[in-house]
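From first to last, the protein sequence lines are chains A and B.
In terms of this note's numbering, the first sequence is numbered consecutively and its last residue is 127.
In terms of this note's numbering, the second sequence is numbered consecutively and its last residue is 117.
Each hint should be verified, as a subset may be incorrect.
[As the list claims (entries may be wrong)] Computed cross-link-like contacts, DSSO-like style, restricted to lysine-lysine with a CA-CA straight-line distance of at most 27 Å:
1) A/LYS54 x B/LYS17
2) B/LYS13 x B/LYS64
3) A/LYS54 x B/LYS80
[Stated by the list, open to error] Output of the computed footprint for chain B on chain A, the stretches with three or more beta carbons under 8 Å from beta carbons of chain B:
4) 57 to 70
5) 114 to 127
Simulated from the structure, these hints should not be mistaken for lab results.
For each residue, glycine too, the CB sits at the ideal point set by N, CA and C.
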Amino acid sequence: GENVEQHPSTLSVQEGDSAVIKCTYSDSASNYFPWYKQELGKRPQLIIDIRSNVGEKKDQRIAVTLNKTAKHFSLHITETQPEDSAVYFCAARGFKDTGRRALTFGSGTRLQVQP
Amino acid sequence: EAEVAQSPRYKITEKSQAVAFWCDPISGHATLYWYRQILGQGPELLVQFQDESVVDDSQLPKDRFSAERLKGVDSTLKIQPAELGDSAMYLCASSWGQGTNTEAFFGQGTRLTVV
Chain A
13 GENVEQHPST
23 LSVQEGDSAV
33 IKCTYSDSAS
43 NYFPWYKQEL
53 GKRPQLIIDI
63 RSNVGEKKDQ
73 RIAVTLNKTA
83 KHFSLHITET
93 QPEDSAVYFC
103 AARGFKDTGR
113 RALTFGSGTR
123 LQVQP
Chain B
3 EAEVAQSPRY
13 KITEKSQAVA
23 FWCDPISGHA
33 TLYWYRQILG
43 QGPELLVQFQ
53 DESVVDDSQL
63 PKDRFSAERL
73 KGVDSTLKIQ
83 PAELGDSAMY
93 LCASSWGQGT
103 NTEAFFGQGT
113 RLTVV
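Here chain B stands alone, though its shape is the one from the complex (with noise of 0.2 Å):
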């Protein structure tokens, strides 16, 4: 069965440092997503891609978080300094369309940590 491939699975990092997470989306996906889960809470949508185009980056915190997808196929979160509030699970989903009631797919997520 076809997943979405995330890593690391865990990141420690000090804050101020720089980190970045991966996710290759199920093989035909269209649509990226990343989210972030704090413990205890609903995943939350940092941004969402249409192929390689952010189509949606209203949650993300422009000053210190970046995403790309450039060849429409996997895609890299990065956050430059991290934070001690940044730490949480990152989530990367897939699925077949936006536009549609298409089911989204989870990758296994990284966990990171600022210390």
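If we strip away everything but chain A, and leave its shape as in the complex, we get (with noise of 0.2 Å):
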């Protein structure tokens, strides 16, 4: 089945700054790669996605980029702001063991933008 790496696990940065989470997967046949925001004790709400025939796709100030050789996929943040804050989790869509496709997530990594 699928298994998906997620770093770092935490980061901190200046308002204003970019921030990059990475994220690795395993199973070669994943063909779909969403990015979810939870804000504490809230559900987690897709933020971007890309699907295995893109490359790179950008909304305002949030980028996702994937390497399908290299089976792993980035989410960038531009001018960082405070609301930013929050735990992101990426996710591939690969195989399980039954056959059937479902989402794997990746243990998250906790934003901190400082004003």
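Relying on the hints, combine the two individually framed chains into one complex.
In structure tokens, the structure reads:
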């Protein structure tokens, strides 16, 4: 089955700086890679996703890059703001041992933006 | 905006007692997932439904956990008997399908504390 590793576990940046979170995955058949933001006590919310036929996707201050050869993908947040502070999870949709596709999540990165 | 509904939001139960969680997915979503999120970790899939059928319950501790989605709409996850190690956030998510690369929407979750 799929295994997703995420780094770093915590990240502290100054307001206005950029933040980068990296994930690696194990299943070369994985074809969908979403990123979720989870604020304290709230539900995970999708902020951006990328499919395996695309190398990069951008949405305002957020971008995601995918390297299928190396099996890693990254989240880039530019011009960080205090409201970006949250836990961010990457995920990969690969095959479980059942033969079914499902999302496997990374362990999360706690991002703190210092004003 | 349509949301995944979960209840209760919080549940405290004594070990060895039975506990149940309810989830109502976004209307029209055929795929429903139950995830468990231990504090400081990413969500882990417990069970996946396609309509009323279980398509993946490989990570569900079947000696104490059960899940059903009788009419292919709302779902119930039950734990009997609860153990201290079951304390976690239980998240329900839904999506249009499972085979396509579709976004999974999460509910607010039920935070379970077993004492």
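(request) State whether the coverage of the segment 114 to 127 of chain A by chain B holds or is violated, taking the criterion as 3 or more residues with Cβ-Cβ distances under 8 Å. (result) Per the Cβ count (7), the hint holds.
(request) With a cut-off of 27 Å on the C-alpha distance, tell me whether A/LYS54 and B/LYS17 pass. (result) It holds: about 26 Å lies between the C-alpha atoms, which stays within 27 Å.
(request) Could you grab the alpha-carbon distance between B/LYS13 and B/LYS64 and see if it respects the 27 Å cut-off? (result) Within the cut-off at roughly 21 Å; holds.
(request) Examine the segment 57 to 70 of chain A for residues whose CB is less than 8 Å from any CB of chain B, and state whether their number is three or more. (result) Holds: 4 residues of the segment 57 to 70 of chain A have a Cβ under 8 Å from chain B.
(request) Would you check the hint for A/LYS54 and B/LYS80, treating anything up to 27 Å between C-alpha atoms as holding? (result) 22 Å, holds
Hint violations for this structure: none, all hints satisfied.
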